[in-house]
Amino acid sequence: MKYAIKINNLTKGFHDKTNFMPKWLVSDSHKNKFYAVKDVSFDVKKREIFGVLGPNGCGKSTLIRMISTLLTPDKGSVEVFNIDALKKPGEIKKLINRVSVEASFFKRLSAKENLLYASRLYGIEDKVAIKKFQQILKDLNFPESMVNSQMMKFSRGMQQKVSIARGFITDPILILLDEPTTGLDPKSKLDVQNFILNLHAKKNLTIVISSHDMLEVEKLCDRIAIMDKGKIIAMGTSDELKEMVMKENTYELETSDSAKSKRSLQKFKQVHNIITHNGTVRFCTKDITLVADKITTTLKEKNIKFKNLKQVVPSLEDVFLEITGKSLEDRP
Amino acid sequence: MNKKWIQTKAFFFRELDMRKRSWSWQLVWIIYDLMWAMSVGFLGLGAAAVSGVEINTQQYVLFLLVGSFMWTYLSSIFGTVSWAVTWERWEGTIEYTFMAPVSRTIHLLGNSIFAIIYGLIRMVIVFTISAAVFNFTLTGANLMGAGIVLIFASISFIGLGMIAAVLPLISPEMGDKTTLIMEAVIMMVSGIFYPITVLPVWMQYIAKISPGTYALEGMRMAVIDGASVSSLSSFIWPLIIIGIILIPLGNFVFILGEKYVKQTGKLKRDG
Ligand SMILES: Nc1ncnc2c1ncn2[C@@H]1O[C@H](COP(=O)(O)OP(=O)(O)OP(=O)(O)O)[C@@H](O)[C@H]1O
Ligand SMILES: [Mg+2]
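Quick note, the sequences are listed as chains A and B, same order. Counting along the first sequence from 1, when you hit position 79 you're at 92 in the numbering used here, and nothing is skipped either side. Counting along the second sequence from 1, when you hit position 92 you're at 97 in the numbering used here, and nothing is skipped either side.
Be aware that one or more of the hints could be misleading.
To be verified - Below, in silico cross-link-like pairs of lysine-lysine (DSBU-like), each with a Cα-Cα straight-line distance of 35 Å or less:
1. 280/A - 215/A
2. 267/B - 244/A
3. 216/A - 9/B
4. 273/B - 125/A
5. 216/A - 25/B
6. 9/B - 125/A
7. 273/B - 88/A
8. 59/A - 271/B
9. 242/A - 213/B
10. 166/A - 271/B
11. 273/B - 100/A
12. 120/A - 267/B
13. 166/A - 267/B
14. 215/A - 9/B
15. 9/B - 59/A
16. 59/A - 264/B
17. 264/B - 244/A
18. 25/B - 51/A
19. 8/B - 166/A
20. 107/A - 267/B
21. 25/B - 166/A
22. 264/B - 19/A
23. 244/A - 282/A
Unchecked claim - Distance windows between CB atoms, simulated:
24. 129/B - 88/A: 26 to 36 Å
25. 176/B - 339/A: 31 to 41 Å
26. 269/A - 271/B: 40 to 50 Å
27. 47/A - 202/B: 50 to 60 Å
28. 259/A - 261/B: 48 to 58 Å
29. 271/B - 203/A: 30 to 40 Å
30. 33/B - 196/A: 28 to 38 Å
Simulated from the structure, these hints should not be mistaken for laboratory data. Note that CB positions come from ideal geometry on N, CA and C, so glycine has one too.
I would like the entire structure built from these sequences, with the hints used as guidance.
Printed below as a string of structure tokens:
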């Protein structure tokens, strides 16, 4: 058995929420079904760290919920360690856990009370659980004195750390991390990422991680699936994915007026995939001479101050833009 | 076995911790229960003066108070079991509970054990204080009979609570409202402060299938008349039968509800 997860033609639709008529009044053919995940197939090998990358609403969480038996697929199959998720969800539950972006807790209870509740559900004795979560929280740089405070007093980052402890306290061999670092400050983000990598190095652990942070996915994952509108549109290692855009060269420059730079660059037919981000502008083109010559002069003519124009290795964002024609950071 | 025990403990202590963390609210509920029970007691004391007819006031007050105590207990059980689910929906923890390898039976059992103990504590407090205020004793009561009625009444109400718990599971907005209505209807048809014979005939049919009816009447016979266990059997048997039907039915309905929410994606907290 080589695979931790095997997914075949997985599909899940939801009824349109804009429909105000009670469901029983509407005949089946008129029910508007919209597909959050459509015909998705992929495998995850044992001990792999598999990333699911995509913009908001592309279906990442829906996919992860189906793997974790919280949603029943409309069509297709999910197998976790060769166990059919539809036929034997109970068997799978023992092996997996999930950390989600919204850290759901009993907010009035303390971190400790919440963690003990979670570990008892898996039949773990309190003594064992306490030892385990103390270690995990320490690894995550969570202040030990806070475990007896109520969750509602915690910042988002601290809640998320408790949420990660809840996920790992049961020693899962497959963990599903649904945007585990979204909304965390850079330091906490790093704490979480390092914790995940360290644990993966030590244990027999398969990880599925969803994110819309390409750098994170690139840093953590062995393989990445890029999702858009409920479908997987590309899959491979980050190098393989980048090769998809390698037929062109990617450039980057720094400027104080990225919007104006973008407009100027858009005038060139040979320039594609322009992304602006935090004072940098990236673009792709095959035509090297164009960059050295015309682009530089045009920007200077238009009085756009820029520096550090250089060729760079394409990022996953470039890949996403190349395939979908839109930026990963664009909100739908 | 040990594992199942730890899992049951999970639900029990979760409920207990929650009450501890909101102890001031528990105090409020108990005071409310107490004031309610005593008001009803005073209503009995005033009955003769209001109606201008001589009645056996002591008997009437006891009749009313037993109704109050039983209802404090039974509504606490019903409420605790069904509210446990509402709470989990609000917090969004239900996804984690449903993802754990724990059977629904254990889930509901853990909640129910807590519900019984918590309901008993509330009832004992209300009972002790009202007994002092209204100056009555249980000397003539058949306590064993009362205990048996209480046990089987609990089982039926846990079953009802389980069925009610499916409502907040399916729809968090509508669920808790419907649960309260359900409780109020059961209270009214079960003869909480009156014999069910005063109800319109069609309501009496509903009363016949309500476990509350047998619980209240059985409890009154045991406490007020000191009826023997064998003469209580006409109340105990219906409670046993209703319990045997409701508990597996509650479990079954809840599992159906779980299937439904997993199919429709209603488990998710926000939309
Ligand atoms: N339980 C549900 N009921 C109805 N619609 C849903 C449900 N879950 C998801 N959707 C819809 O399906 C689509 C995909 O949602 P999903 O949460 O899987 O996206 P996502 O990739 O996780 O997005 P995000 O990055 O915002 O977390 C969205 O349009 C969402 O509104
Ligand atoms: Mg999501």
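Hints and how they fare:
A distance of roughly 52 Å separates the Cα atoms of residue 280/A and residue 215/A; the hinted pair therefore is violated under the 35 Å criterion. At roughly 21 Å between alpha-carbon atoms, residue 267/B and residue 244/A fall within 35 Å of each other, so this suggested pair holds. With a C-alpha separation of about 27 Å, the suggested pair residue 216/A and residue 9/B falls inside the 35 Å cut-off, and the hint holds. Distance restraint check for residue 273/B and residue 125/A: the Cα-Cα separation of roughly 24 Å lies within the 35 Å cut-off, and the hinted pair is therefore satisfied.
A C-alpha spacing of about 38 Å is found between residue 216/A and residue 25/B, which places the hinted pair above 35 Å, so the restraint is violated. Straight-line distance between C-alpha atoms of residue 9/B and residue 125/A comes to about 21 Å, which keeps the hinted pair within the 35 Å bound. Note on residue 273/B and residue 88/A: the hinted pairing holds, with a Cα-Cα distance of about 20 Å set against a maximum of 35 Å. Restraint check for residue 59/A and residue 271/B: satisfied, since their Cα atoms lie roughly 31 Å apart, inside the 35 Å limit.
Simply put, residue 242/A and residue 213/B have alpha-carbon atoms about 55 Å apart, too far for the 35 Å limit, and the pair is violated. Restraint check for residue 166/A and residue 271/B: the C-alpha separation of about 28 Å stays at or below 35 Å, so the hint holds. Only pairs whose Cα atoms come within 35 Å are accepted, and residue 273/B paired with residue 100/A is accepted, the gap being roughly 22 Å. The suggested pairing of residue 120/A with residue 267/B holds, with an alpha-carbon distance near 24 Å, which does not exceed 35 Å.
A hinted pair counts as satisfied when its Cα atoms are at most 35 Å apart, and residue 166/A with residue 267/B qualifies at roughly 31 Å. For the hint pairing residue 215/A with residue 9/B, the CA-to-CA distance comes to about 30 Å; that is within 35 Å, so the pair holds. Note on residue 9/B and residue 59/A: the hinted pairing holds, with a Cα-Cα distance of about 30 Å set against a maximum of 35 Å. Between residue 59/A and residue 264/B, the direct Cα distance comes to roughly 29 Å. Compliance with the 35 Å bound is thereby established for this hinted pair.
Taking the CA atoms of residue 264/B and residue 244/A, the gap is about 25 Å. The hint holds against a cut of 35 Å. Pair hint residue 25/B plus residue 51/A does not hold up; C-alpha atoms about 46 Å apart against a cutoff of 35 Å. Between the alpha carbons of residue 8/B and residue 166/A the distance comes to roughly 32 Å, so the proposed pair stays at or under 35 Å and holds. Pair hint residue 107/A plus residue 267/B holds up; C-alpha atoms about 18 Å apart against a cutoff of 35 Å.
Taken as a hint, the residue 25/B and residue 166/A pair is honoured in the structure, with Cα atoms around 17 Å apart against an allowance of 35 Å. A threshold of 35 Å between alpha carbons decides the hint, and for residue 264/B with residue 19/A the separation of about 23 Å falls inside it, so the pair holds. For the given pair, residue 244/A sits about 30 Å from residue 282/A by alpha-carbon distance, which is consistent with the 35 Å threshold. For residue 129/B and residue 88/A, the Cβ-Cβ distance of about 55 Å falls outside the hinted range of 26 to 36 Å, so the restraint is violated.
For the pair residue 176/B and residue 339/A, the beta carbons lie near 36 Å from each other, so the given range of 31 to 41 Å is met. Look at residue 269/A against residue 271/B: about 49 Å separates their beta carbons, and that is inside 40 to 50 Å. Between residue 47/A and residue 202/B the CB atoms are about 56 Å apart, so this pair conforms to the stated range of 50 to 60 Å. Our hint of 48 to 58 Å for residue 259/A and residue 261/B holds, since their Cβ atoms are close to 54 Å apart.
For the hinted restraint 30 to 40 Å between residue 271/B and residue 203/A, the CB-CB distance of approximately 37 Å keeps it satisfied. The beta-carbon spacing between residue 33/B and residue 196/A, approximately 36 Å, falls within the hinted interval of 28 to 38 Å.
Figure legend: structure checked against the earlier numbered hints; hints not met, in rising order: 1, 5, 9, 18, 24.
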